[in-house]
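Number of protein chains: 2
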Amino acid sequence: MKKLINDPQDVVSEMLQGLVAANPGKLKLIPDKRIVLRSDCPIKDKVTIVTGSGSGHEPDQAWLVGEGMLDVACPGDVFAAPTMDAVYEATRVSASDKGVLYLVKNFSGDRMSFDMAREMAEADGIRVETVLVNEDVAVEDSTYTAGRRGLAGAIFVYKIVGARAEEKASIEELKELGERVNANVRSMGVALTSCTMPAKGSPTFDLGEDEMELGVGIHGEPGTKRIKMKAVDEVVNDLLERITSDIPFQRGDELAVMVNGLGGSPISELYIVYRKVDEYLKGKGMRVFRSYVGEYVTSLDMAGCSVSLLRVDEEMKRLLLEPADIPLRIL
Amino acid sequence: MKKLINDPQDVVSEMLQGLVAANPGKLKLIPDKRIVLRSDCPIKDKVTIVTGSGSGHEPDQAWLVGEGMLDVACPGDVFAAPTMDAVYEATRVSASDKGVLYLVKNFSGDRMSFDMAREMAEADGIRVETVLVNEDVAVEDSTYTAGRRGLAGAIFVYKIVGARAEEKASIEELKELGERVNANVRSMGVALTSCTMPAKGSPTFDLGEDEMELGVGIHGEPGTKRIKMKAVDEVVNDLLERITSDIPFQRGDELAVMVNGLGGSPISELYIVYRKVDEYLKGKGMRVFRSYVGEYVTSLDMAGCSVSLLRVDEEMKRLLLEPADIPLRIL
Numbered sequence: 001m002k003k004l005i006n007d008p009q010d011v012v013s014e015m016l017q018g019l020v021a022a023n024p025g026k027l028k029l030i031p032d033k034r035i036v037l038r039s040d041c042p043i044k045d046k047v048t049i050v051t052g053s054g055s056g057h058e059p060d061q062a063w064l065v066g067e068g069m070l071d072v073a074c075p076g077d078v079f080a081a082p083t084m085d086a087v088y089e090a091t092r093v094s095a096s097d098k099g100v101l102y103l104v105k106n107f108s109g110d111r112m113s114f115d116m117a118r119e120m121a122e123a124d125g126i127r128v129e130t131v132l133v134n135e136d137v138a139v140e141d142s143t144y145t146a147g148r149r150g151l152a153g154a155i156f157v158y159k160i161v162g163a164r165a166e167e168k169a170s171i172e173e174l175k176e177l178g179e180r181v182n183a184n185v186r187s188m189g190v191a192l193t194s195c196t197m198p199a200k201g202s203p204t205f206d207l208g209e210d211e212m213e214l215g216v217g218i219h220g221e222p223g224t225k226r227i228k229m230k231a232v233d234e235v236v237n238d239l240l241e242r243i244t245s246d247i248p249f250q251r252g253d254e255l256a257v258m259v260n261g262l263g264g265s266p267i268s269e270l271y272i273v274y275r276k277v278d279e280y281l282k283g284k285g286m287r288v289f290r291s292y293v294g295e296y297v298t299s300l301d302m303a304g305c306s307v308s309l310l311r312v313d314e315e316m317k318r319l320l321l322e323p324a325d326i327p328l329r330i331l
Numbered sequence: 001m002k003k004l005i006n007d008p009q010d011v012v013s014e015m016l017q018g019l020v021a022a023n024p025g026k027l028k029l030i031p032d033k034r035i036v037l038r039s040d041c042p043i044k045d046k047v048t049i050v051t052g053s054g055s056g057h058e059p060d061q062a063w064l065v066g067e068g069m070l071d072v073a074c075p076g077d078v079f080a081a082p083t084m085d086a087v088y089e090a091t092r093v094s095a096s097d098k099g100v101l102y103l104v105k106n107f108s109g110d111r112m113s114f115d116m117a118r119e120m121a122e123a124d125g126i127r128v129e130t131v132l133v134n135e136d137v138a139v140e141d142s143t144y145t146a147g148r149r150g151l152a153g154a155i156f157v158y159k160i161v162g163a164r165a166e167e168k169a170s171i172e173e174l175k176e177l178g179e180r181v182n183a184n185v186r187s188m189g190v191a192l193t194s195c196t197m198p199a200k201g202s203p204t205f206d207l208g209e210d211e212m213e214l215g216v217g218i219h220g221e222p223g224t225k226r227i228k229m230k231a232v233d234e235v236v237n238d239l240l241e242r243i244t245s246d247i248p249f250q251r252g253d254e255l256a257v258m259v260n261g262l263g264g265s266p267i268s269e270l271y272i273v274y275r276k277v278d279e280y281l282k283g284k285g286m287r288v289f290r291s292y293v294g295e296y297v298t299s300l301d302m303a304g305c306s307v308s309l310l311r312v313d314e315e316m317k318r319l320l321l322e323p324a325d326i327p328l329r330i331l
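Residue numbers (the working numbering), protein chains in the order written: chain A, 1 to 331; chain B, 1 to 331.
If we strip away everything but chain A, and leave its shape as in the complex, we get (with noise of 0.2 Å):
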């Protein structure tokens, strides 16, 4: 295992004390909880929106904390959930008058915080809701889930509430817009090598020289199947033919476009994907509002991405374009 660490055991506390160190005055840290929030967090009048799932997803979560996105993320050990008392004390510290909102992937571990921790928040008298998220077409259950999983798809649901939540709407037409965002996007994901895990300093999964698994979760869990390794354009062509086929997207419809890395792969190669992404829309019919191409949600190191097609209405394309000030900025 090669890695730019210390022990093993503080990479999360580490990079979260890294991350706040390198956004001064926007960002606190609450050490033994691992909680990461805005500054001016709680904000009279404004639904509190939190999320929080497994590290090595970075730049999830704790990354996309800022005005007009998130308020606040509760990250866990990598690819373990976030304990009930980190999430119900991330719920306590910044709860609004408006209630706080949870946007949470469906993974079982985090739904299981989740749903404990809103229920002591509740009978301190918070108002809590919660939209998940489960866009991933590839598999309905698996090792870490009950139903679909979700993917990077997440983003979309974490950007859109989130600006619209800057604008104080009601933690009800929150709810509903997350779900409206949640219904009409879809990913599916593709890797070409495993990951490893700090505090394990192995792949957590073997994959041949030659093979790819198609539809792989973000913790390198098992997908639909695993293919020889073959020509980007082809996997692309199986990934959009998985995904347009599930809502159905349709010719006509106007679409936002994620192509995620997993950690391991290029941003070259990402582009690489984009183009073949960007030509079989267009084959079919279909526009391209805005495009999103980088690292959203990792599986720590692994070589692969995962595309997201998100069907826009005009409050979504308003939103998408409201800006976010966030760590996860580049210049």
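Where hints are given, some of them may not hold.
Just so you know, same-sequence chains aren't split out, so a pair can sit in one copy or run between any two.
[Stated by the list, open to error] No farther apart than 30 Å at their CA atoms in a straight line, the calculated lysine-lysine pairs in the DSS-like style are these:
no.	residue 1	residue 2
1	K26	K168
2	K230	K2
3	K2	K225
4	K200	K2
5	K33	K98
6	K225	K200
7	K28	K282
8	K2	K228
9	K200	K228
10	K282	K26
11	K230	K33
12	K33	K46
13	K282	K33
14	K26	K317
15	K284	K26
16	K28	K284
17	K282	K2
18	K46	K28
19	K168	K33
20	K175	K26
21	K26	K46
The set of hints was computed from the structure by calculation and includes no laboratory data.
All of these numbers come straight from a predicted model, not from anything done at the bench.
Following the hints, put chain B in place on chain A, whose structure we already have.
Leaving out everything else, chain B in the frame of chain A:
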């Protein structure tokens, strides 16, 4: 080799096609010469900013083309300089009445192409000036260079000069500004793994399971020394001792700080690096004006990072904060 590609020979062309497809109306591509330029180029009364180097360093160069930064990028083959023909053509089609400024990282092949293109353009009556970037403190001469190499510190030169060019500054002023930035920035890198060129398919050099290479360049060319793997805090300390003693940087200096991923290291690790950089600099009485953590100038899929420090003055600070409308955005 496991990559999301089609024919290895088409990697550069197809990534650029994807880039332009993902940025409709903003970028144009001259396919046979593989030149990427702003759609509105040349711009009257604005010095044209041109860069170019081997591919494989994405998002470097082509992803930085847009309002407020670069006008033109000339990517060569992977780890190979752009041809003189491509640079000349790029100059010819983009030249404004105020002239053309080349920003070139100091690698011998790149310099040769830009020097020859400049002669040809000058013969056509085009005013051309060059700023060389050579801020790597690790080695004086190396495989690809006479003198010091240019690393990710070049991003600061592009950003600051690009923002000032947008304000219609003269070519003399921009050249002075670029040289001032270069004189105040220093960088050094460390590699944990080699990288794999698409057309070769195997690692470009060998590094033992327990070894890391200090002072590495952006093509995996040898650095100052090969050392045993150790905790990242110690590695960062080694890098910063070398970097800060070079100008030297001093107590009271105000700095822009970049932790640049080389391609294969997850963002979580880059922030663990930043954590120590921040602590080190504060311990020395230096102030961080702004931090940049992410992938800027990569070596394909190499694991590792470089650290760059720029001593900023008031003009640089103002220009660093100006917006840049470039493909390298996330949301």
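Out of the numbered hints, which ones does the structure contradict? Every hint satisfied by this model.
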